[in-house]
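Could you put the whole structure together from the sequences, leaning on the hints where they help?
Next come the chains, spelled out residue by residue.
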Amino acid sequence: MIGEIETLSKSSGGDGRAEEGGDEQFARQDGALKTFKELNKKPTHHRFGLGRTEGIVLISWGFMEGVKLLGTWPSPFSYRVIWALKLKGVKFEYVEEDLGNKSDELLRCNPVHKKIPVLIHGGRPVAESTVILEYIEESWPQNPLLPQDPYDKSVARFWIRFIEDKTPVFFRFCHSTGEQQEEAIREAKKVLKTIEEHALREEDKFFAGDKIGLQDLVFGWLAWLLQALEEVVGVKLLEASEYPRLHRWVQNFRAHDVIRSDLPEHNAMLAYFKRIRETFISSSTSAV
Amino acid sequence: GEGRGREADRGWPSPFVMRPRIALNLKGVEYEFLEEKLGVKSDLLLRSNPVHKKIPVLLHAGRPVCESLIIVQYIDDAWPSSGPSILPSDPYDCATARFWAAYLDEKWFPAMSGIARAQGEEAKKAALDQVVEGLSLLEDAFGKISKGKPFFGGDTVGFLDIALGCFLGWLRVTEKMNGMKLLDEAKVPGLAKWAERFCAHDAVKGVMPETEKLAEFAKLIMAKFKAAAPPPQ
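As given, the protein sequences belong to chains A and B, one line each in that order. Residue 316 in this note's numbering sits at position 255 of the first sequence; the count goes up by one each step and never skips. Residue 466 in this note's numbering sits at position 26 of the second sequence; the count goes up by one each step and never skips.
The hints are simulated quantities; they were obtained by calculation from the structure and are not laboratory data. Possibly wrong hints are sitting among the right ones.
Unchecked claim - When the alpha-carbon atoms are kept at most 27 Å apart in a straight line, the in silico DSS-like pairs for lysine-lysine are as follows: (1) A:K227 x B:K494; (2) A:K251 x B:K481; (3) B:K584 x A:K176; (4) B:K481 x A:K175; (5) B:K564 x B:K481; (6) B:K587 x B:K627.
Here is the structure:
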């Protein structure tokens, strides 16, 4: 278990502290997010995609290309961008924002919404996770994450829009009790049914076929975050027997190399969402 | 047939239906316009958009495309060599256009349509303030994005022009019904002039509803809404 937050020093300018820990720890990490997945505390600053030997730090192209991501753990909006960048093989710098104390950089880069994630590329900010995903797709054409065919592309975008619109239902499921929660459960199950019947095909591994794409990344939280919410609330929504295609997609998604190496730790998520649920419930009862 | 689209539309008042029509006009694509009867959803609509059962829906070679901005992007992708490009070619400019389009649909337009539904003066003022603030942000964005050119899309009408321009009819109705100027030349000069140019554009002229007709329609809707609304607690 890594007890210290690790960052690497840069050879020229900028922030980042001197590195602690040996070669071995770094070499073991195949995805830098593993660093804070294993940590008890949230990291403040990490470099991704760096290799090193013996005290000589090879700094990679995150700086030249200047790709930086402002995000938070365990935000699904943050993770989908991280996965997209990794699938494209883009090196980037990650900054964990404290939403209770937003950085000047975040406020400057997203003055309209003041939200994460924000991607900063060559000094220019892009906000809104689905906008960022399309930007990544267009800026780095290797390993396409959207279908080439205009019609198939429109279908992917349709479903991306669909799940974005429906996400609040699932958070209501976690934040409410009684009749409100019953209502949220009904709505959530309708959403799952729609996806099962209209969005997924029997023969496909992922939404658009055999390869993972933007649609999978946007739906991704159904494969890791939903399970934590279900456990916190004590109600299972995504039953394998009721939604076999969706269940199979969840397994395929979680098994993907890039996704698997960068999933928020389950127990940490349970603690996090339990706290959030308690906060919401106590604030709503005290408002009576 | 080849190069033709078909569109199911519940009628001229919908800003969302305007969007694909402008895009098709820009591309010079001939299309058949099917007007849905108000209050009755056709089998074709239910078959084409089973998830949302909403218009607009574009049917191209029998395949349905749903959601107004997705349809606009589809039109741009499907007819790449006809007419101007609707989305900017530069990925960053594209992201900027998409960002503001999302803002319009998720924050600004809901605020504007919330004005009429607002219960009480305070709620009404809050909604109006949001709309005014939004226009100020958009004025700023227009300056940065257009870089002195006539439209958000530069020399031609583009994605963000379509995304915002479709709301001009309703904006004018809101001004009329609240006795105030929102697209004020003094406060948002860039947008005010842009609006004139947009409405005068060939691709827009024939599909922009007349403010008077729209205002009458709005009164009808509001009457229905008030009749259906539960009594205040």
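Hint check results:
For the proposed pair K227 (chain A) and K494 (chain B), the alpha carbon gap of about 16 Å is at most 27 Å, so the pair holds. With a C-alpha separation of about 21 Å, the suggested pairing of K251 (chain A) with K481 (chain B) holds against the 27 Å cut-off. Our distance criterion of 27 Å between C-alpha atoms is met by K584 (chain B) and K176 (chain A), whose separation comes to about 22 Å. Distance check on the hinted pair: K481 (chain B) and K175 (chain A) sit about 40 Å apart at the alpha-carbon level, beyond 27 Å; violated.
Distance hint between K564 (chain B) and K481 (chain B) is unfulfilled; the C-alpha atoms sit about 32 Å from each other, more than 27 Å. Distance hint between K587 (chain B) and K627 (chain B) is fulfilled; the C-alpha atoms sit about 19 Å from each other, no more than 27 Å.
Going down the numbered hints, you'll see the structure goes against 4 and 5, while the others check out.
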